[in-house]
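Given only the sequences and the hints, what does the whole structure look like? Please build it.
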Amino acid sequence: SSGSDTGAGGDTAKADGYTIGVANFTLSGPYFSGMDKAIAAQAAKKGNVTVISTDANGDAAKLASNVEDLLSKNVDGVIISGGPLESAPAVLNSLKQAGKPVVLVDRKFQTGEYTSWIGPDNEAIGKQNGEFLAQALPDGGKVAIIKGGPADNSIGLARTEGVKSVLSTTSGITLVEAPDFGNWGSDGGLSVMESLLASHPDLAAVFCENDAMCLGAQRAIADAGKEKQIIVAGVDGQNEALKAIMDGTNYVVTGLNDADVIGSKGLDRAVEILGGAQVEKDTVVPSPRITKENAGQYFDPNGDF
Amino acid sequence: MILELRDVRKDYGGVEVLHGVDLQGRQGEVLAVVGANGAGKSTLIKILAGAQPMSSGEMWMDGERVELRSPHDAHDKGVRTVYQELTLVPELSVTENLLMGDFPRKRGLIDWSAAHARARELLESIGFGAIDPRTKAGRLTVARQQMVEIAKALVTEPRVLVLDEPSAVLAGSDLESLFALIRRLRERGVLVIYVSHRLAEILELADSIVVIKDGKVIETTEPARTSEDDLIRRMAGRKLEQIYPDRRQERGDALLTVTGLTRRGEFEDVSFTLHAGEIVGLFGLVGSGRSEMARCVFGAEPATSGTGAYRSPAEAIAAGLALVTEDRKRSGLVLGMSVRDNIALTTLRGPLIDMGRQRRDVAGMVDRLSIQPPQCASMPVVRLSGGNQQKAVLAKWLLAEPRVLLLDEPTRGVDMATRVEIYRMIDGLARSGIGVLLISSDLTEVMGATDRVLVMAEGRITGELRSDRTTEDEILAYSMGQHA
Amino acid sequence: MIGQLSKAAGRFPRLVVGGRDLTLEVAFTALILLLVAVAATTSDTFLTQTNITNVLKQMVTTGLLAFGMLVVILTGGIDLSVGSVVALSGILTAGLVSGLPIPVAMGVGIIAGLAAGLVNGTLVARFALAPFVVTLASLTTVRGLAFVYSEVPIAPEDPAFFTLGSALLGPIPVSTLIMLVVFVAGGVFLSRTPAGRSIIAIGGNAETVRLAGINVRRHVILAYAISGACAGLAGVILASRVGIAQPSVGVAFELDAIAACVIGGASLAGGRGSVRATFGGVLVLVLINNLLNLYGVQSFWQQVLKGLIIIAVILVQRTPRST
Amino acid sequence: MIGQLSKAAGRFPRLVVGGRDLTLEVAFTALILLLVAVAATTSDTFLTQTNITNVLKQMVTTGLLAFGMLVVILTGGIDLSVGSVVALSGILTAGLVSGLPIPVAMGVGIIAGLAAGLVNGTLVARFALAPFVVTLASLTTVRGLAFVYSEVPIAPEDPAFFTLGSALLGPIPVSTLIMLVVFVAGGVFLSRTPAGRSIIAIGGNAETVRLAGINVRRHVILAYAISGACAGLAGVILASRVGIAQPSVGVAFELDAIAACVIGGASLAGGRGSVRATFGGVLVLVLINNLLNLYGVQSFWQQVLKGLIIIAVILVQRTPRST
Ligand SMILES: Nc1ncnc2c1ncn2[C@@H]1O[C@H](COP(=O)(O)OP(=O)(O)OP(=O)(O)O)[C@@H](O)[C@H]1O
Ligand SMILES: Nc1ncnc2c1ncn2[C@@H]1O[C@H](COP(=O)(O)OP(=O)(O)OP(=O)(O)O)[C@@H](O)[C@H]1O
Ligand SMILES: [Mg+2]
Ligand SMILES: [Mg+2]
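Chains as they are written, first to last, in my numbering: chain A, 17 to 321; chain B, 12 to 495; chain C, 79 to 401; chain D, 79 to 401.
Don't read these hints as lab results, they were simulated from the structure.
Since the structure is predicted, the reported quantities are computational estimates derived from the model, not experimental observations.
For glycine and all other residues, C-beta sits at the position ideal for the given N, C-alpha and C.
Mimicking SDA-like on lysine to any residue, the simulated pairs with C-alpha atoms at most 20 Å apart in a straight line are: (1) A:180 x D:230; (2) B:147 x C:269; (3) C:384 x A:195; (4) A:242 x C:249; (5) A:53 x C:227; (6) A:124 x D:235; (7) A:89 x D:127; (8) A:89 x D:373; (9) A:242 x C:126; (10) A:112 x D:236; (11) D:384 x C:330.
Pair by pair, the computed Cβ-Cβ distance ranges are: (12) D:262 x A:191: 54 to 60 Å; (13) C:258 x B:38: 55 to 61 Å; (14) C:258 x A:156: 40 to 46 Å; (15) D:270 x A:298: 57 to 63 Å; (16) C:204 x D:250: 41 to 47 Å; (17) B:38 x D:293: 54 to 60 Å; (18) A:112 x D:118: 26 to 32 Å.
Below, the structure is given as structure tokens:
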């Protein structure tokens, strides 16, 4: 991941270049591995930046020790791809003690100190989905919500809050929250949707906290032969979801949460900080609403995510 | 001559336990192998069974050199073995244990009704018809499990049948049917290799006798040319003056009084009193309920009614009882632990265990019971030979300094010289004021080593006899529920 | 244990038919029927066709894994790697359908599972390593391989890929039928073939089996291979059912599979366990999940209750057994 | 098993000191030293003070859980609930510090773990249920309870809360010292106290121990209580170290703890296992993770390698042991 294709200049650039550690909370999700790759790709583009990436497998303590491992390797700065984590004060403290800058990507921590954050506004994504659904269901109807879980995952919470803030005030619409979590995967989305369909055969739409679950939910709807009755709304812009939207299926909307953009900006931001530049503390990367109209523009048939 | 071993040696990682054994067995012969605990009998048998490779030496059958690389090879050659330790799979039916790996099949699948029928037929043909082939092996009494073990070796008629202490858990009619079976097999030309510590039965049954001592054959003889005393002398390497000590007949206060003790389905209305300084024998046939009764008195199992039993082993021990159970593997030893840890189990005192004292206590016991090898304290107990394991169990209980000793078949698998030591020890304990209940299926022992004998049949006490005034026949009659 | 007689064992009346003690099976069946009855009377949805089809579909993965697990447990082992194998075989199959005919791709998925099982079995049997650590290590390694093959989910385009997972035969999902076939065939295998009996006997006392001249190693390897193949099949069916294969799927699947076996009375020490009761265990788990969802119980209360119900079930189921 | 001699088993020379066979321990120590030597020569970073402090900190959770697990494993049981207990005790403590003095809040966290252990132990010992299912059920229930207590993470404001997890005594983290104390005290407990010896013996043969007048149930309960308390302590330390307590923390922690015990030669059948070797097992796991990170091995390949290394370690470690 430290590849340099700037030719002869590469060596000298590298000699006085930077080493940046990436502490991923988890890599087992296409969004997060996409982020990791985007950071690495951006570093390769720069030529003088080496990236060391770690994976905490969703374990906060491991994240802390991974950051410690990175500090042992004397990195110049750390990017934390936070995943579903609220905060990591100890991690931030140890980084502060070591005097290293921290850039958060995707996830903003509510406590602790960080240098800069780049990520989406999850509540806004939820709102914009809610608005779309309100329009798409002029006669109202039952809308189901499938959450990723667990209950302390505030990314999902923010998205659901966004959707609810719109739909709960829209007349004619009733909300049904699935009791069980879909665990952010297509298989979970599928089985939660199946259960929903059994108790609520009259759904008009379903919102999932990410596209992976939505893709599973869409399958369950197809299996039940209810493609015409139920529309699907997700978040992320996963390739398969974009394709489904483009093809004009009942997958009608998603909010782009672009790992490529956030990741590469995150690396840029870290390099700027190391270069001594004054940077914006918090940067929201806009999450355009993707529907049938504009899906083609975001769909990359060879893209990873 | 169908079987011959030439200069067989066996070492377990450097320690040689067989030092060049030669052995010849003929067709239609009962060849007895005798020797002290740890002499190497079981090891020899494992080699014959293909379960252990020999380190060097040769095995010949029918004038051909054979090599047994696995039990499978031994089966192919017609050598079938009944091991000293039970090897049944407790969760499986008798049928399945018998026919394992060789089931009757119909269209590729096992035909269970045919299998059960075949098992029943087999059991009946060898006189064990009382065993239901459908029961799980684990639910049978030890004695019946032993019979199934023997039946297992006879599923296909063997050319050589090896029996390692098959009679240790049998008594009365079961023993008779075993002997009858062995004689029938001999007539059919089978070579029976028979290991036992019960010399009387060997003299009765064997055609020739091989005495093993310290891993070497020291004598080959015939019943007509030897005697019990002679064999014991050869095995032990010294003369044993007297097997059973002379018992004095005076007894002290009552230590244990059991009245009307009942455990439904197992024994009923058992009453007896055990006094300080006396040794009481308890004889009965297999399944007469002796072991269950002793366990119940000891608090290991709850009683249905009656008095005299303790509520838990801890209470019993606090009151000075000790119970040496009949099955050392299942309830006497922690096989994976060292000899020391096993022996110390009844005397763990805290908060911190005094290791020095524990070491001394255990060493004292190993010495007192001459557990072999003498430096065994930190060896896993499973490495001891069967008889020495039995001694380790005894040692554990003696260390607790009991006032009442319940001994359930304490000499099972123990060689003659050691038995004599055990009898002497029991006698000494009794003289020091301890009361001993000796459960045994060995008639001679039950008469010789005790002051009086209780006899149980079908869960009830059917008789009480004075050891010096009774006969084997009288005891047997009571044990079959007939009142003489 | 020894010297204990069945007739003496219980305070409970026992039901013996044709020499077999059926008390436990009957009690267990009654328990499941009770669960169904409660569900049917308290929830309008439970007996709807959609819900029944759901329950049938949701059994498939746990069912297949539980059968394979049972075979391994019978030998006295355990297979923690099944969840990772589900992921690997699913993603492999989904990745291969673009170049290979669907049945062949699926075959490869199952064979990958079988191969993982063979490796597990060989390490356990040939090198005498503890099954728990061997399969824990392969849980990690196989999961890693799934990600190495593809970090991102793979969604095959060809709709024929979905057939296996979503086709119905009347009201019954084809995938459920496949699972049932595995259970029936598995039941026959374990009760009526020498290899099956040997596997059970090995769990009871491996040394005895060895002394009976049966190749213990080969049968242990076979058991793990069966578990691997079942997990492979489960992975293929799951990918087809979801329509997307994810390398991250299947985390902690092994726990439900083991729970199903043990609820069905299997002993983790080996040698004891029944195919029918394991199926019952699968049913219990799936019904619990389904009911808690139908009642709309909140996710974490679901967890609290699920654990308590499992304890209750094994307490009830234990009562009539002789101790 | 039957008729096989351990002293006789090996083609390997064995090292016996004072009647104790130390071959295994020496081989295992050599293995760890080899790992350290390789690490030190191939990575500049490994021997830096920061990294050593890291490794020491990283051992704490696995170490505490592994010790508790060892005690349970010795009885022939298993405790799958430890990861959930870590979460519960952590979130309880973090929740309570706002109203209670920190040491008291931490005490409550540890007591919560102890209580979970007592429940596990009672179900296993008093009702004779299979440890695997009991603790699997409590894994689920306790996790649910953690979420019931607080759905969201709790980050105490008071910086004193972080002390336990981050303070250093010279170059050595206080939390590591606590873990070492647990191991030393635990070693004495198991080898020198009647309760410890009884626990080991119960795993070897519970019936023998019962007949020796030892209360088997009470000791089994004690073992699970110890495991629960260790998990509680681990949870408290972890929350303090991370600075925030999450109800979702600790998933699959039990697997590493079990792996550490088994790498250290413990038998899951009970009765065999050593405190020192378990500590070695913890070291091996932590070193593997640290090294793979220092080498910058890519995450998925790390998983692949981690599994392979564990297999390699138990293969090597098995060689000098009698089979
Ligand atoms: N074949 C059998 N059928 C029915 N009951 C049996 C059978 N064998 C043994 N029993 C029962 O087993 C119970 C006691 O067995 P136990 O082992 O205590 O007897 P024991 O006299 O000690 O015999 P052993 O010599 O086997 O030790 C008795 O209740 C007896 O009825
Ligand atoms: N599995 C084993 N591991 C180590 N040593 C053994 C083992 N089996 C036997 N030995 C040793 O080999 C020697 C012979 O033992 P073996 O079991 O053959 O004796 P035996 O003659 O059958 O004794 P017993 O009459 O007590 O059964 C003994 O010193 C014993 O300690
Ligand atoms: Mg012997
Ligand atoms: Mg008896």
